[in-house]
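Please build the complete structure, drawing on both the sequences and the hints.
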Amino acid sequence: MLTLLSMFYYICLRRRSRSGTRGEALTSRRAVESGQRAVLPVTVEVEQYAKEVLDFSSHYGSENSMSYTMWNLAGVPNVYPSSGDFTQTAVFRTYGTWWQQCASAPPPFIRVPKGFYSQDYIELAYEEPVYPTAVEVLETYYPGAIVQILACSHNPFSQNPPTDVRWEALWSGEPTKALTPQARQFSPTIKHINFPTNLLRLEVNSSLLDYYTELDAVILRGVKERPMLALYKMPIIDINDLSDSEEELSDTGIPFKEGEEKMGNGYFDKLPYELIQLILSHLTLPDLCRLAQSSKLLQQHCCDPLQYTQLSLQPHWARLSDASLGHLQSRCTLLQRLNLSWTGNRGALSLTGFSSFLKACGQSLVCLELSCCHFLNEACLEVVSQTCPRLQELNLSSCDRLSPQAFTHICKLPLLRKLVLYRTKIEQTALLSILTFCVELRHLNLGSCVRIDDYDVVASMLAARCHSLCSLDLWRCRNLTDRGLAELASGCKMLEELDLGWCPTLQSSTGCFQQLARSLPRLRKLFLTANRSVCDTDIEELASGCPSLQHLDILGTRLVSAASLKKLLQSCARLRLLDVSFCSQIDMRVVQELSGQFPNVSIKKSFTQ
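Heads up: the sequence shown begins at 1 in this note's numbering, then just goes up one per residue.
Treat the hints with care, since some could be wrong.
Ranges of calculated distance between the beta carbons of each label pair, as one might list FRET restraints [stated by the list, open to error]:
no., residue 1, residue 2, range
1, Q159, D400, 35 to 45 Å
2, W98, A323, 35 to 45 Å
3, S67, E174, 27 to 37 Å
Derived DSSO-like pairs: lysine-lysine, alpha-carbon spacing no greater than 27 Å straight-line [stated by the list, open to error]:
no., residue 1, residue 2
4, K177, K605
5, K270, K296
6, K604, K566
7, K412, K359
8, K191, K51
9, K418, K359
10, K177, K191
11, K567, K493
12, K191, K224
13, K418, K493
14, K177, K114
15, K114, K51
16, K604, K567
17, K605, K566
18, K605, K51
19, K224, K51
20, K425, K412
21, K604, K177
22, K605, K567
Don't read these hints as lab results, they were simulated from the structure. Since this is a predicted model, take the numbers as computed values, not measurements. Backbone N, C-alpha and C fix where the C-beta goes; we use that ideal spot for every residue, glycine too.
Put into structure tokens, the structure is as follows:
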């Protein structure tokens with residue numbers, strides 16, 4: 001017991017030595033306008049708008065325009081204080097919980113920390129590094145999604161490569177739902193940090209919102225010199241603060257002295273091995289790593305590979321390094337599901353560290369999540385194809401810095417059932433090769449893959465090779481025609497989810513949507529977003545041919561009437577989500593009337609004002 005107390009005291013002192021002073025916000029008045037470049041006194045607060053959008057996980061918009069894209073967060077506000085649905089704002093790809101209910105949604109990982117809510121993120125760079133005193137987010141539609149604001153020690157405009165990159169949370173909270181969808185200025189009380197920053201990261205969770213949240217601008221306020229406190233207060237050391245330790249994933253154990261080996265474990269070691277394993281399965285990964293340092297008995301249990309059949313390192317993206325993977329490597333020999341999403345950026349992970357881990361732990365891997373992993377290169381995907389022979393699920397969402405030729409290695413994974421390539425640079429040749437050899441595909445996401453020349457050829461290959469396809473995301477594909485859609489519908493009869501949102505080359509006048517409804521009776525989700533040609537005949541065909549329909553998005557159509565919608569709602573008893581935003585024949589009176597008659601259906605109708 002004395003040794004454990006000494007160990008705890010040592011860790012606390014070490015943590016205190018790393019901590020900077022914490023103070024309260026300065027009370028000085030703002031003395032300069034945005035953009036002023038003069039040398040400022042310590043007490044003058046600088047106001048800055050984002051200069052550049054550096055990175056993000058998803059957006060509603062296209063890769064080739066500015067409408068609804070994250071790039072709209074750079075610069076001064078475009079919309080605020082107005083409220084409503086505006087194309088000049090930044091909008092993430094999803095909202096609510098409907099996407100988690102789809103067949104293509106991955107099952108959640110175990111051991112996710114209770115306070116980790118983030119689903120999407122965006123990183124913003126500012127002109128001048130400052131010590132933050134306030135962060136203000138201008139939310140113009142359905143606010144409440146922001147769950148964390150972080151600051152980075154690295155200057156993104158520096159010519160030197162990043163070293164010792166440190167992220168510090170300025171504020172964090174649970175996802176909320178505002179009382180109204182009206183615009184607001186969100187300015188939470190932030191923590192003071194001991195380094196200047198010009199790089200902020202916002203993380204969001206839109207699961208409680210009734211529609212897409214829209215952001216207009218993010219203001220960073222701060223001072224150029226580190227604030228000095230009039231009175232230094234001794235920091236209070238709380239055991240809960242140890243969860244922020246930078247070494248929680250890299251410490252694997254502390255040597256035991258000879259005297260400790262003779263110490264008993266009370267009655268704890270009398271418990272069955274399986275029962276102890278069950279108890280430990282409820283701990284988060286950092287807690288498991290800490291507990292391994294307390295005794296040899298618990299170290300044995302905490303390092304048992306059966307505790308690491310699933311491993312989500314996404315919540316620890318800010319602290320994960322090659323050393324972290326190296327320390328976990330011996331414990332993960334039975335690893336089946338691995339989530340490295342958001343990790344490794346700015347040099348935190350290398351090809352060597354990634355390759356070493358997969359070579360040791362990839363043989364049993366069936367699921368690999370690598371969303372937004374910008375350290376990936378062609379050599380990394382080659383290692384995946386060589387070391388993960390049983391891989392069934394691969395997520396490369398928003399890995400937009402991977403070269404087109406890197407994707408050719410995916411065809412060496414013949415057991416693949418799920419492949420997410422959203423916002424990647426995959427080209428048609430590599431994709432056709434994948435479809436040729438990965439015939440077991442059930443779920444394929446090609447949303448915003450702008451380098452594919454002919455989606456009709458892709459649809460034809462899917463129809464010929466992937467008869468078990470269950471979900472297909474073709475969001476914003478620019479050249480799919482009625483011919484390709486007809487082949488897809490005739491060859492992939494098992495389709496339950498189909499996203500054709502913002503596909504401008506599909507026209508209802510060809511009869512493609514009616515044929516689709518007749519060919520796919522298992523359809524549960526259909527997005528025809530922004531296709532203005534969708535008409536009453538299409539809706540009536542869906543009503544008669546797709547009784548299992550649960551989600552339908554016909555945003556933007558001008559040809560659908562209230563009568564056909566009512567027929568659809570009567571025929572599709574499982575329908576839960578219907579988006580009729582910007583449908584010119586469907587006004588709010590019609591929405592309210594239909595909502596009253598069908599209370600189980602969430603009917604969406606956005607507005608601008």
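Which numbered hints does this structure break? Hints 1, 15, 18 are the ones this structure does not satisfy, whereas the remaining hints hold.
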